[in-house]
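Residue numbers (my numbering), protein chains in the order written: chain A, 1 to 389; chain U, 1 to 209.
Mixed in with the good hints, there may be bad ones.
[What the hints assert, rightly or not] Residues of chain A placed beyond 12 Å of chain U at every Cβ, according to the derived structure:
| no. | residue |
| --- | --- |
| 1 | Arg3 |
| 2 | Thr5 |
| 3 | Ile7 |
| 4 | Ser39 |
| 5 | Ser41 |
| 6 | Gly53 |
| 7 | Glu104 |
| 8 | Ser107 |
| 9 | Asp142 |
| 10 | Leu212 |
| 11 | Gln315 |
| 12 | Arg321 |
| 13 | Tyr326 |
| 14 | Asp356 |
| 15 | Thr384 |
[What the hints assert, rightly or not] Cut-off 20 Å, straight-line C-alpha distance, at most; resulting in silico cross-link-like pairs (EDC-like, lysine to aspartate or glutamate):
| no. | chain 1 | residue 1 | chain 2 | residue 2 |
| --- | --- | --- | --- | --- |
| 16 | A | Lys164 | U | Glu165 |
| 17 | U | Lys145 | A | Asp2 |
| 18 | A | Lys389 | A | Glu337 |
| 19 | A | Lys164 | A | Glu123 |
| 20 | A | Lys314 | A | Asp293 |
| 21 | U | Lys92 | A | Glu123 |
| 22 | A | Lys303 | A | Glu283 |
| 23 | A | Lys303 | A | Asp45 |
| 24 | A | Lys164 | A | Glu118 |
For the record, the hints were derived by calculation from the structure and aren't laboratory data.
The beta carbon of each residue, even a glycine, is placed where N, CA and C say it ideally should be.
Listed below are the residues making up each chain.
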Amino acid sequence: MDRRTVIVLSLATFLLHAWPMWRWLSTLDQEPVTFAVYSPSAPADNDPPHMAGEFISHDPGLGMVHVGSICEMADGSLVACWYGGTREGARDAVIYLATRASGEAMSWSKPRVIVDRESASRELHRFVKKVGNSVIFADSEDRLWLIYVTITVGGWSGSSLNAKISHDGGTTWTASQRLTLSPFLNVSELVRNNPLPLRGGGFLIPIYHECLGKFPETLWIRTGQGDQRITFRKTRMAGGRSFIQPSVVACGPRVAKAFYRSCSDDRLIGMAATGDTGATWPEPQNLELPNPDSALNALLLSKGRILLAFNDSKQARANLRLAISYDSGANWRRIAEIENTPGQEFSYPYMIRSLDGRIHLVYTWRRKRIKHVVFNENWVNAQTEKASK
Amino acid sequence: MITFAFSFFFPFLLVMVAGQSIVGLFRKNVGGWRTTLGLGFLSALIVVIPLGGLPLARWLISINANFSISLTALVFGKAWENAAGIRLLDRKAFLSSSIFGLAAGLALYPMALGLGRLDPYEFGWSFSWLFVLLMVITVILLFTKNRFGIVLIACILGYDLQLLESPNLWDYLVDPFFALISGVILGCWLIRGARSMRSHGRSECRTPS
Numbered sequence: 001m002d003r004r005t006v007i008v009l010s011l012a013t014f015l016l017h018a019w020p021m022w023r024w025l026s027t028l029d030q031e032p033v034t035f036a037v038y039s040p041s042a043p044a045d046n047d048p049p050h051m052a053g054e055f056i057s058h059d060p061g062l063g064m065v066h067v068g069s070i071c072e073m074a075d076g077s078l079v080a081c082w083y084g085g086t087r088e089g090a091r092d093a094v095i096y097l098a099t100r101a102s103g104e105a106m107s108w109s110k111p112r113v114i115v116d117r118e119s120a121s122r123e124l125h126r127f128v129k130k131v132g133n134s135v136i137f138a139d140s141e142d143r144l145w146l147i148y149v150t151i152t153v154g155g156w157s158g159s160s161l162n163a164k165i166s167h168d169g170g171t172t173w174t175a176s177q178r179l180t181l182s183p184f185l186n187v188s189e190l191v192r193n194n195p196l197p198l199r200g201g202g203f204l205i206p207i208y209h210e211c212l213g214k215f216p217e218t219l220w221i222r223t224g225q226g227d228q229r230i231t232f233r234k235t236r237m238a239g240g241r242s243f244i245q246p247s248v249v250a251c252g253p254r255v256a257k258a259f260y261r262s263c264s265d266d267r268l269i270g271m272a273a274t275g276d277t278g279a280t281w282p283e284p285q286n287l288e289l290p291n292p293d294s295a296l297n298a299l300l301l302s303k304g305r306i307l308l309a310f311n312d313s314k315q316a317r318a319n320l321r322l323a324i325s326y327d328s329g330a331n332w333r334r335i336a337e338i339e340n341t342p343g344q345e346f347s348y349p350y351m352i353r354s355l356d357g358r359i360h361l362v363y364t365w366r367r368k369r370i371k372h373v374v375f376n377e378n379w380v381n382a383q384t385e386k387a388s389k
Numbered sequence: 001m002i003t004f005a006f007s008f009f010f011p012f013l014l015v016m017v018a019g020q021s022i023v024g025l026f027r028k029n030v031g032g033w034r035t036t037l038g039l040g041f042l043s044a045l046i047v048v049i050p051l052g053g054l055p056l057a058r059w060l061i062s063i064n065a066n067f068s069i070s071l072t073a074l075v076f077g078k079a080w081e082n083a084a085g086i087r088l089l090d091r092k093a094f095l096s097s098s099i100f101g102l103a104a105g106l107a108l109y110p111m112a113l114g115l116g117r118l119d120p121y122e123f124g125w126s127f128s129w130l131f132v133l134l135m136v137i138t139v140i141l142l143f144t145k146n147r148f149g150i151v152l153i154a155c156i157l158g159y160d161l162q163l164l165e166s167p168n169l170w171d172y173l174v175d176p177f178f179a180l181i182s183g184v185i186l187g188c189w190l191i192r193g194a195r196s197m198r199s200h201g202r203s204e205c206r207t208p209s
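Please put together the full structure from these sequences, using the hints given.
Quick look at the structure:
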């Protein structure tokens with residue numbers, strides 16, 4: 001290389017670095033990211049306590065079903081998805097979707113397959129051994145998002161995340177887009193709990209890693225220009241082999257609490273708080289609530305209360321309980337038992353609050369069906385009063 | 001579209017170099033425009049051959065969708081050397097690439113897999129000190145007339161064009177295979193160096209005073 005070539009190449013280096021720097025500088029004058037929803041209104045006094053349950057998946061003959069999630073569309077209809085197959089991690093596992101129109105008399109539609117390993121392989125242009133966990137949610141433009149796991153090699157630690165969008169309530173979907181979230185062959189990224197919508201568009205989605213290290217992370221996702229490409233990045237909530245499957249609850253514009261499934265011998269639910277919309281998280285602290293290495297789910301109620309659905313045991317997933325906190329998660333009061341049958345499994349709760357104020361809880365029922373339980377906040381209040389007597 | 005098309009390039013280069021190696025078993029000279037054109041055509045055909053519903057190249061991409069630009073440049077350099085007899089990366093550049101690959105791999109992978117709270121991968125999502133460091137290293141390499149600097153220019157160009165599936169700069173600089181190969185190359189180089197020093201020491205001892 002002669003002197004002139006060196007100068008030309010150095011100039012090219014500066015120019016090529018100027019483009020990402022310019023893009024970064026153009027984001028500096030933007031408002032800080034804040035959560036879109038963080039203060040649900042109190043229930044009306046004339047709304048009587050209400051609680052009801054029904055099964056979403058109608059096929060008890062199926063080998064197993066697991067990891068349900070639910071969301072509400074702008075018209076009040078509900079959409080749920082989960083995966084099922086002959087066994088957990090089987091190659092025949094597929095992701096199902098069912099819908100329920102708004103209205104008391106409505107029932108869940110017959111589940112239909114929206115992703116299987118063949119369709120995922122076709123859309124992603126690569127080999128897919130199996131599919132797994134999924135989370136479904138709607139954005140402010142009433143588009144449905146599906147984030148789901150595919151595995152190419154190995155078990156759950158070989159998972160990668162993918163995203164697809166539906167503009168018609170789940171009837172048709174865009175092709176899946178692979179999300180590169182890990183530098184090590186992009187493996188071991190999984191999803192489980194509710195995304196949090198952000199003001200100005202996009203979502204914070206709690207995800208987790210479980211290859212060598214087991215730790216919680218946050219995925220920041222939004223659609224790019226022209227609604228085509230999904231843009232994303234990831235930050236870490238904790239390191240080591242600590243906690244996974246974070247469930248995050250927004251308590252203020254930039255304040256949120258995260259509750260974690262325990263991976264340690266302590267077998268206690270972990271908790272951490274952020275004051276900068278999830279950009280940084282302190283080291284998680286153990287709560288006094290037990291956790292049998294199983295998923296849990298938290299939801300914000302009115303007056304800043306937090307509702308938690310969890311397996312109230314250090315050993316088994318045989319019960320599913322609700323607990324409530326009046327002090328941002330520091331202290332908890334057990335208020336209701338949704339399920340309790342020794343030897344059975346009731347797990348992976350997932351809650352949302354619909355526009356009419358009702359709380360929808362879906363969970364894995366004996367690994368055979370996905371159950372949907374709906375109740376209102378006055379039922380929670382009544383259960384709280386009953387528990388304190 | 002450009003990302004999908006580029007995903008065939010690394011598998012193509014691998015098949016090309018493998019083909020050149022096979023030809024090398026039978027002929028001393030694997031270069032020449034006829035052989036290169038023939039092998040290039042054959043390699044392109046092989047990577048697009050559908051197998052089990054997927055082009056052969058995409059099976060490799062199924063394992064790792066983001067072969068770094070650094071590794072791609074090394075394999076391209078090898079294919080070019082075989083075809084044209086010109087070394088794009090001389091010994092100094094090759095050694096620099098191995099040091100870079102191993103250092104980047106050691107800085108990235110242990111922490112990305114959970115060692116500690118810091119995740120260096122976060123610095124690759126948008127402009128950060130990683131970009132500044134890359135620019136400084138590139139300019140230093142260029143001014144010391146080290147051709148690995150050109151490879152690093154290709155990395156940032158690939159990032160700007162989003163040639164890989166990943167939007168993270170780290171994936172353009174290093175991948176687990178590049179880090180592993182770099183470690184092996186440096187290990188062999190160190191062992192060879194130690195041996196030559198030992199034999200040099202012995203010969204000095206034997207020299208009569």
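Hint by hint, work out which the structure violates, then give me just those numbers in ascending order.
Of the numbered hints, 1, 2, 3, 10, 21 and 22 do not hold.
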